[in-house]
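Residue numbers (numbering that gives the first Met the number 0), protein chains in the order written: chain C, 0 to 337; chain A, 0 to 337; chain U, 0 to 337; chain W, 0 to 337.
No wet-lab data here; the hints were simulated from the structure. Using N, Cα and C, we set each Cβ at its ideal position, and we do this for glycine too. Treat the hints with caution; some may be incorrect.
List of simulated lysine to any residue pairs, SDA-like, C-alpha gap at most 20 Å [claimed, not checked]:
no., chain 1, residue 1, chain 2, residue 2
1, A, Lys286, A, Ala108
2, U, Lys110, U, Asp126
3, W, Lys286, C, Ala121
4, W, Lys110, C, Met275
5, U, Lys286, A, Lys286
6, W, Lys286, C, Met275
7, A, Lys286, U, Ala121
8, C, Lys110, C, Met275
Covered stretches of chain A (in silico footprint by chain U; criterion: 3 or more residues with CB under 8 Å from a CB of chain U, positions within the stretch not fixed) [said to hold, decoys possible]:
no., segment
9, 35-49
10, 94-100
11, 219-233
4 protein chains.
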Amino acid sequence: MNFLSDNAASPCPEVMAALVTAAPAAATGYDGDAISQQLDAAFAVLFGCPCTVLPVSTGTAANALALATMVPPYGAIVCHSQAHIHVDECGAPEFYTGGAKLLTVPGTAGKLTVAGIETALAGHRGDVHQVQIAALSLTQATEAGTVYTPDELAALAGHAKARGWRVHLDGARFANAVVQLGCHPADISWRAGVDVLSFGMIKNGGLLAEALVVFDPALVPGLRLRRKRAGQMPSKGRFQSAQLLAMIRDDVWLRNASLANNAAQSLAAAAGNRLMYPVEANELFLKLRPGEPARLRSAGFGFYDWGAVGSDEARFVIAWDTPPEAIGALAAMLSTGG
Amino acid sequence: MNFLSDNAASPCPEVMAALVTAAPAAATGYDGDAISQQLDAAFAVLFGCPCTVLPVSTGTAANALALATMVPPYGAIVCHSQAHIHVDECGAPEFYTGGAKLLTVPGTAGKLTVAGIETALAGHRGDVHQVQIAALSLTQATEAGTVYTPDELAALAGHAKARGWRVHLDGARFANAVVQLGCHPADISWRAGVDVLSFGMIKNGGLLAEALVVFDPALVPGLRLRRKRAGQMPSKGRFQSAQLLAMIRDDVWLRNASLANNAAQSLAAAAGNRLMYPVEANELFLKLRPGEPARLRSAGFGFYDWGAVGSDEARFVIAWDTPPEAIGALAAMLSTGG
Amino acid sequence: MNFLSDNAASPCPEVMAALVTAAPAAATGYDGDAISQQLDAAFAVLFGCPCTVLPVSTGTAANALALATMVPPYGAIVCHSQAHIHVDECGAPEFYTGGAKLLTVPGTAGKLTVAGIETALAGHRGDVHQVQIAALSLTQATEAGTVYTPDELAALAGHAKARGWRVHLDGARFANAVVQLGCHPADISWRAGVDVLSFGMIKNGGLLAEALVVFDPALVPGLRLRRKRAGQMPSKGRFQSAQLLAMIRDDVWLRNASLANNAAQSLAAAAGNRLMYPVEANELFLKLRPGEPARLRSAGFGFYDWGAVGSDEARFVIAWDTPPEAIGALAAMLSTGG
Amino acid sequence: MNFLSDNAASPCPEVMAALVTAAPAAATGYDGDAISQQLDAAFAVLFGCPCTVLPVSTGTAANALALATMVPPYGAIVCHSQAHIHVDECGAPEFYTGGAKLLTVPGTAGKLTVAGIETALAGHRGDVHQVQIAALSLTQATEAGTVYTPDELAALAGHAKARGWRVHLDGARFANAVVQLGCHPADISWRAGVDVLSFGMIKNGGLLAEALVVFDPALVPGLRLRRKRAGQMPSKGRFQSAQLLAMIRDDVWLRNASLANNAAQSLAAAAGNRLMYPVEANELFLKLRPGEPARLRSAGFGFYDWGAVGSDEARFVIAWDTPPEAIGALAAMLSTGG
């Protein structure tokens, strides 16, 4: 019973079907085919504003391309000290930007605050001897499975904009956040001040494509060229586009995220005071009891230790396709004391 | 009737089926799943030697990652002046290598020769004021639709090795070359001195995955890290691996390439003395007669002008799935004088 | 008798004196001292227009910083195929730009022409699959010891500007060109369309400082940051600034260049029909007679072979401080047949 | 009375004299002249072991070049969170390395400890999703004006070496540390495990040259090429070499550092319990009393505020040439309560 991650889940049927539909030979390659040509309009409807959508093969590529388009090589990106871009992408932002620096800021439960940013950057003078802060990168849902409210996001983005910084949103689990908030996707993207969104599809039932959603048209030309140059512009791009369109058609993305979020809530109820953070998406971070990790593993549950060695802290991730029986079994075990 | 390129062809049925087979959730992400774990062994059988196979999303990524692993930032790559890496990848090799230089060498019919390399590089001193040549990149089949013999490749690779250069093979149409030569794939890869092969699958019936085949194990650790850092290590990597395995199982790759090559031969016969180069793969380069390009387009044939404006030079590419009727129609039109 | 290069000449007395004057401790470091603060105004007078002057330690740094400020990583720089930036800077432009490409154009006697550029770039489509041309880099005096007229320069720069390219001038021997033309320095810099000039001082009697002269203020902020980041902003910057000011005060730079140019003219007269190119600066390129290179070396003259092995082509460079006796001896030997 | 920094001090007479001696034209440029050719042997005597010395124009260039030679683009450098390379070099290490990451570690009084490194890096897994730690960069004397003992340095370097990391020492104030410790320069460089030393000259009486001292010959070839490519290989290199040789001849470097260190000790005595850290080099960090900063500035003393706004923390730096009267005046004022 796999609670290690949502990143190896099955693609949902609609995505698989879309690949079949895209199979016949296209008239042109890259982004010129009829399917890819639908992307911008479809996402504009979804987000309620014009936007440009560029498919890429991974979330790491999405994040790094977005940041490289916003930040000069002598620039800096402000992000949470646990941000995926800092911790888990093997330096992709540094590579794509040509050597920009990530300035990390701590924050409770995976969240940044304006006050936290101000404190962490108090000593940053910003003169010619220092890197120039040029972007704020936020993660929604956060690395701690929590979710910024639209007001929290807007406050952070407003702080950035007032300083001339761009705003990037790493939305590897954007769908889970939208479901949790019950908001319009615009409320936690362009309306809150986000310039470029890495809209995660793969963890939520996709296959081999993520969506870069660009709300500021000024960023598009450079981004297209960087994407090509990075080897992120496949000749059979219609197969990426088809996945993205299948995910947003008929609210498939929201259905999938709801499945995962709801299961997470049932587990949260069972976990009780073991919860380290509120469960607002599809992840639980638990402070297990002594011996509990071993007992859970013996019972067949897979999950990651998360904190310091011996801390008994653990992460459980629920995917859109995690079997209800596995959820029930884990809930039962947690309810009865692990 | 599309002869523009083979890069928007349909995926072959075996590849589509492999995606379906890979659909169920995997135990682990990235390269850890059971399908991805089969790659190295399967390709070792195919090539007759141990190798490491890393899937990537595009040929551009394959080439640039290979070169970055071989060449320091202050290095140089020798390649044909028409090489895809120089002309059509928006500077991807420069990006991935951190700013290495491509030293281009002209050559008839898309081919390099040792003599041509020596002439072009005669003025390159290689002292501390100059970039350091560190790799030779060859293309097989070439950009002119021709094919190096195993002996020609071995001579070029031998020249490189004697100078301490690494050897990269851009095999976007490697399958077409193997079919043309009737040789073992080893004969034009590791046995000829190739260190890393960009083994093209997408043009030949694949979908969203190319294979980097690494014959020198010393290059593997750095390549793995660069691949991750480039955003080329998808979490659902099994869907890339499944495509690659489907292509090489039961000689699907050779069957597909044979379809395209054979059709190209029938067109070559029809084109007669319009041929600019021998037809040795799945591309024809024709010096058309005055007015012929317009007549062909009126008749519904799509193809690219290739030479200088007004030269009436044109490129026709045949894919594995180009309909026989289209082949027949084009052959008929060429036979009767365009 | 050293005719190898002007790059190891002695500094002129005015430069040495300026170092002594700058010796007392300054109130502040970097560019904040009283001497460095004079740079912009002094060069504005010299060039007859506002400009920003940033000292750097080498011509390579000057060129690469200028280009990096003008060209994105996915960009390209058009330059002569013999340009120093392409041939002799170990890939510095690629390093500083983050991997831009140099597109080289051949040209007689070291000079580019608009027609030559158009021919060489005829096949460059400039779509998303290709690097984006963003700058033209010219060399004045050229690598062949020739000099563009103001009209020639303006035509080339105008061609660039009409296409949205920036214009860089590598003026390692800018002084020699100004002397030769008898023009105002503005005539072959900003007035002709140059955005940034690498104003060479070191070969012409300087010591350890070159001047980056920036005519477009929009380029200045990024250039300052790149200069710092490159380790090209010394804390005792006053010693660089002092050298630059000493060179332009009282026309020292013109005096020095005149010494070298005049000597070159006397040698040109002696060389007669051995001259490969017109002598318009302080370099002679000679097609020597069989046996002549050896005879000259036996007689104590140092110079570089320049063309293919066995071609008997040779380069002779005259510095501002080349002893008149050495000039006379070489002229005599050339006059009498080498 | 300037206590802002030692970075705008006057060059010492020996350095100025060396420039004059180097003035006559050299036979060859770059590093080929007779003066530059003395460097390796002279420093080998100084350090008691073979080494290669490469002059560069700034400390930033020295540090960044050293790190780029040690660390791949996907690598990481462990350093103190206040390290100059992280805080004050505008991202030079990221630029030169091609985007490596600096992993910062806090530490009391500017010093790292093995335990501190282990704690800070406890969460660093080092798998393919993360940057690969490849070097430890230490600063001696530290940013807090303290000095590692040879044993402390050896323990840190030993920790690094045991993990396969390279060791870099930022010795912008290396001379002050040697004087303080009364040790052989080898004791806090190669004998302690340092691979490359950025040997600071400029703050200690130099002018426009720092020394990169390379103890591991395997690093030299790459470093030479990176130095050229960075525009850090001046054609009149003899003027950099002459400065370096003048500094180490007759222990000038130790004499200069002693002047500064001794003055710092007399000020430390006057500062009493205002001292935030032990004074072990030429810098004082003081927790001044309320109102004291203003009073000191009124009395004509220049210095930097150092901590949070309103903290009354301040840094005073003494240079080799700080006038004794200024030292005396400051000591008197501090003794009497500021």
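Here is what the structure says about each hint:
Taking the CA atoms of A/Lys286 and A/Ala108, the gap is near 14 Å; set against the 20 Å cutoff, the hint holds. For the proposed pair U/Lys110 and U/Asp126, the alpha carbon gap of about 28 Å is over 20 Å, so the pair is violated. Of the pairs offered as hints, the one joining W/Lys286 and C/Ala121 holds, with about 19 Å between alpha carbons and a cut-off of 20 Å not exceeded. About 34 Å separates the Cα atoms of W/Lys110 and C/Met275, which puts this hinted pair outside 20 Å; it is violated.
The suggested pairing of U/Lys286 with A/Lys286 is violated, with an alpha-carbon distance near 42 Å, which exceeds 20 Å. A hinted pair counts as satisfied when its Cα atoms are at most 20 Å apart, and W/Lys286 with C/Met275 does not qualify at roughly 40 Å. With a CA separation close to 19 Å, the supplied pair A/Lys286 and U/Ala121 stays within the 20 Å bound. Proposed proximity of C/Lys110 and C/Met275 is supported: the alpha carbons are some 14 Å apart, at most 20 Å.
A stretch counts as covered by a chain when three or more of its residues have a beta carbon under 8 Å from one of that chain; for the segment 35-49 of chain A and chain U the count is 0, and the coverage is violated. Beta-carbon proximity to chain U at under 8 Å applies to 6 residues in the segment 94-100 of chain A; the threshold of 3 is reached and the given coverage holds. Residues of the segment 219-233 of chain A lying with their CB closer than 8 Å to a CB of chain U number 0, which falls below the three-residue condition for coverage.
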